[in-house]
Amino acid sequence: MERRQLAALLAVELRRQRRVTARLLLSTAVIAGVFWLAGKRGPDTGFAIALGMGFGAALIVPVGVTKDRLEGTLAFLTGLPTRPSTIAAARFAAVAVTTLPWAVVAAGGLAWVAAAFQEAPPPGWVALGALPLAWVAFTTVGWILTGVFSRWDLAQLLGVPIVVAVIALLVLPRLAGPLLPADPAAWFDTFFASPWGPLAMAGAALLVAAAAGAAAFGLAVHGIAMYRPDPASF
Amino acid sequence: MTVGEHLAFLTQFYPTWDAAYTGDLARRLGLPLGDKVGTLSKGTKVKLAFVAAEAFRPPVLLLDEPTSGLDPVVRREVIDAILERFPDAGSRLVVFSTHILEDVEGLAERVVVLADGAVRRDATIAELRREQPDETLSNILYGILTNGTPPTRRVAGG
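Line order of the protein sequences matches chains A and B. 207 is the number that the numbering used here gives to position 207 of the first sequence; each next residue is one higher, with no gaps. 129 is the number that the numbering used here gives to position 129 of the second sequence; each next residue is one higher, with no gaps.
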């Protein structure tokens, strides 16, 4: 993959999203301020706001993808002598960059929550552990949506893909039900008593994120390779 | 993105991009390097597209209706720029499509006339002129396009 081209495409994507990113950061501050004024000043509130806005940040690049036809961005980029995979990689990198500030804030929020509990690990350790997990969570959501929106137009999503997603959401929890422990609280106590428990959970989460990211990347590359501008836009 | 930033962005994609040549061409066409691309007039966007396409000196340059919708001054500037960069008997080739017959006269050495999805005529300008020395090139091309129907002419004082 051409690194110079990737860097140039990433810079363009970040530049394209800079206003939305700034607005979201401002919205996060305003919402936090409103909660503060309303008396909700606990660490749990701060963490919840950071988490919610973090998932909002994961939407920045995917929403940009849905505006490609309107703005002509992809029509321009696909006219350049570069591969669809380079364009997709730049957009996936942009998702990772735009979600990073909220991952930092969410990790800080969780450390603030942990500081309220005497039995919790030191806040610094909590923040250090939570940062990559929050970043991976936000980024994975952003990657999946970027892949889906690159592959299908919003109008097309009202058809088969959304039906498949709804069926999966209905069926998967029922299939997973018998696999869950009868007493989740006791199971978690045992699970986290060993250092291997959190490591196994983090490893499994990373594997799921990597698989989802790879699948989403494939969708994005295919969608960009198949992209044809509207003839009316010329 | 400004015009200058747009051109700088494109350099990453073309190994043979000639920055000095691009700068010279941009000055020659009066491109406002500090203006945002989205705010440019149609004529200036055409100039920018020409500079971006020509900056890495491709052996073959394809131009799709390069002068369509331009005012006469900008149209002349674009045609002059093409002629200047692609002199007769040069080693590079320009292929352009147009509905403006006067542009053919000003630019082309060879013409392929297409109508109803088929090639009506493939000839050099010199050949066409030899065949009908008393007609203007526009009228010759018009005749080919309309299967020989001559264009309506106004008769002075008629």
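Heads up, some of the hints might be wrong.
Said to hold, decoys possible - Now the in silico label distances, taken between C-beta atoms and shown as ranges:
1) B:Asp24 <-> A:Arg15: 26 to 32 Å
2) B:Ser41 <-> A:Leu207: 52 to 58 Å
3) B:Ser41 <-> A:Val63: 29 to 35 Å
4) B:Gly23 <-> A:Phe55: 52 to 58 Å
5) A:Gly39 <-> B:Ala19: 25 to 31 Å
6) A:Arg15 <-> B:Ala19: 18 to 24 Å
7) A:Pro229 <-> B:Ala19: 44 to 50 Å
8) B:Ala126 <-> A:Arg15: 47 to 53 Å
9) B:Arg27 <-> A:Leu37: 54 to 60 Å
10) B:Gly23 <-> A:Phe35: 51 to 57 Å
11) A:Arg15 <-> B:Ser41: 19 to 25 Å
12) A:Val63 <-> B:Gly23: 47 to 53 Å
Calculated from the structure, these hints are not laboratory results. The beta-carbon is built from N, C-alpha and C at its ideal position, and this holds for glycine as well.
Evaluation of the provided hints:
One distance hint, 26 to 32 Å for the beta-carbon pair aspartate 24 of chain B and arginine 15 of chain A, holds here, with the actual separation near 27 Å. Here the CB-CB span from serine 41 of chain B to leucine 207 of chain A is close to 54 Å, well matched to the stated 52 to 58 Å. Evaluation of the 29 to 35 Å hint for serine 41 of chain B and valine 63 of chain A yields a pass: the beta carbon distance comes to about 30 Å. Separated by about 46 Å at the C-beta atoms, glycine 23 of chain B and phenylalanine 55 of chain A break the suggested range of 52 to 58 Å.
Between glycine 39 of chain A and alanine 19 of chain B the beta carbons are some 60 Å apart, a value that contradicts the proposed interval 25 to 31 Å. About 21 Å separates the C-beta atoms of arginine 15 of chain A and alanine 19 of chain B, a value consistent with the hinted range of 18 to 24 Å. At about 29 Å, the beta-carbon gap between proline 229 of chain A and alanine 19 of chain B misses the expected band of 44 to 50 Å. In this structure, alanine 126 of chain B and arginine 15 of chain A meet the distance hint of 47 to 53 Å, their C-beta atoms being roughly 51 Å apart.
Evaluation of the 54 to 60 Å hint for arginine 27 of chain B and leucine 37 of chain A yields a pass: the beta carbon distance comes to about 56 Å. Taken as a hint, the range 51 to 57 Å holds for the pair glycine 23 of chain B and phenylalanine 35 of chain A, whose Cβ atoms sit roughly 53 Å apart. For arginine 15 of chain A and serine 41 of chain B, the hinted distance range of 19 to 25 Å is satisfied, since their beta carbons lie about 23 Å from each other. Restraint check, valine 63 of chain A to glycine 23 of chain B: a C-beta distance of roughly 37 Å breaks the suggested window 47 to 53 Å.
The structure fails hints 4, 5, 7 and 12 (numbered hints given earlier, in ascending order).
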